[in-house]
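Chain residues, written in single-letter form:
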Amino acid sequence: MELKSFYMAFTLYSLIQTAILCTNAIAVLHEERFLSKFGWGVDHGVGGFGDDPGIKAQILTLIRSVRTVMRVPLIIVNSACIVLLLLFG
Amino acid sequence: MDYTATQSGFRQRKLQPNMRLRTSLVDGSEGSQLFEDTSGAASGPQTGNQQAGPQAAGFPGQSILSDPMSNLAMAYGSSLASQGREMVDKNLDRFIPISKLKYYFAVDTVYVGKKLGLLVFPYMHENWEVSYQQDTPVAPRFDVNAPDLYIPAMGFITYILVAGLALGTQNKFSPELLGVQASSAFVWLIMEVLAVLLSLYLVTVNTDLTTIDLLAFSGYKYVGMIVGVVAGLLFGRPAYYLSLLWCCVAIFVFMIRTLRLKLLSEAAAEGRLVRGAKNQLRMYLTMSIAAAQPIFMYWLTYHLIR
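From first to last, the protein sequence lines are chains H and F.
According to my numbering, numbering within the first sequence proceeds without interruption in unit steps and concludes at 89.
According to my numbering, numbering within the second sequence proceeds without interruption in unit steps and concludes at 395.
Treat each hint with caution, since some may be false.
Claimed, not checked - Pairs of lysine-lysine residues, derived as BS3-like cross-links and limited to a Cα-Cα distance of at most 30 Å, are as follows:
| # | chain 1 | residue 1 | chain 2 | residue 2 |
| --- | --- | --- | --- | --- |
| 1 | F | Lys203 | F | Lys189 |
| 2 | F | Lys189 | F | Lys179 |
| 3 | H | Lys56 | F | Lys367 |
| 4 | H | Lys56 | F | Lys351 |
| 5 | H | Lys37 | F | Lys189 |
Hints in this document: simulated from the structure, not taken from any laboratory.
All values derive from a computational prediction rather than experimental measurement.
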């Protein structure tokens with residue numbers, strides 16, 4: 001019964017929560033302060049213009065594009081979440 | 090051709106009960122109460138009203154249309170309604186591509202039968218390529234290899250019903266459990282499609298697999314799950330494990346043979362061993378997508394057979 005209640009906890013609402021948390025996590029990774037220390041900075045990403053960018057370049061492009069595109073919507077969605085959680089717990 | 094004929098026949102059959110209902114309402118004495126003449130002209134006594142009632146109810150449009158003001162209002166209302174409908178259609182088409190979805194539901198019985206057989210026994214089929222017709226893929230009705238959304242949608246609904254049945258045999262059923270099962274299976278489906286999309290993006294595969302194609306391929310495992318659960322309900326746990334094992338292997342082979350043509354390069358798809366990191370990565374990707382199907386099949390059904 002305990003295993004089943006863990007399994008049954010997945011609803012669409014939890015999917016939305018997961019999506020918001022993951023997007024927040026990706027958007028928080030800062031270029032200069034954090035990623036450069038791992039060799040994943042802005043100068044390491046865009047290498048050659050060949051037809052095979054490689055997985056690392058793809059991940060870096062993904063992180064940068066998520067940060068650029070989702071900055072404003074994330075502000076709005078996070079504020080809405082904060083207000084809703086404060087009001088309704 | 091016969092599709093539209095059966096559709097209009099169905100519509101005709103549906104119209105008749107409505108007309109029967111309307112005439113029965115007119116004949117009854119309650120008809121005068123329901124279709125009260127409110128145009129202001131019928132302020133006569135009650136008996137006159139009841140006599141005029143069936144007539145007014147039978148032809149409700151006449152008294153309304155004779156007034157030019159309400160005529161104008163009705164014309165304006167209908168034009169507003171058609172405008173609103175146009176706007177909704179246009180905006181909805183931007184988010185959910187309705188015209189593309191129609192392609193995936195263009196199936197017929199022969200296709201569904203063949204595809205279900207292919208999902209359970211894919212070992213004899215030789216030609217797995219989707220045939221094209223002037224640069225667009227052929228509709229599923231004409232090609233067994235084309236993905237469709239009819240089988241996944243029906244399989245999903247059937248899976249939820251069978252899960253409710255299975256939980257009922259364990260005395261654990263309650264109506265909201267159906268909704269919970271539905272939403273959690275749907276969430277797993279969405280997460281699987283998102284994971285496949287992410288991995289396809291990371292491996293930079295140039296493929297013509299759309300999101301809806303991936304949704305269709307991920308939905309094909311519901312057929313195997315239903316077969317397993319039904320076998321388990323009828324014949325007990327060993328039958329469940331055996332049929333689930335059979336369906337898992339079948340789905341694995343089906344996915345590998347279908348995805349091989351779409352993800353891998355030409356040479357590797359034909360079976361020749363092509364070395365190179367990129368092809369190896371693509372092969373691993375195909376294998377992992379295919380291997381995820383049996384895992385999900387077991388994960389979503391093991392709690393139904395106790």
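Results for each hint:
1. Lys203/F - Lys189/F: holds, 23 Å
2. Lys189/F - Lys179/F: holds, 14 Å
3. Lys56/H - Lys367/F: holds, 14 Å
4. Lys56/H - Lys351/F: Holds, at about 24 Å.
5. Lys37/H - Lys189/F: violated, 46 Å
When the structure is compared with the earlier hints, a violation turns up for hint 5 alone.
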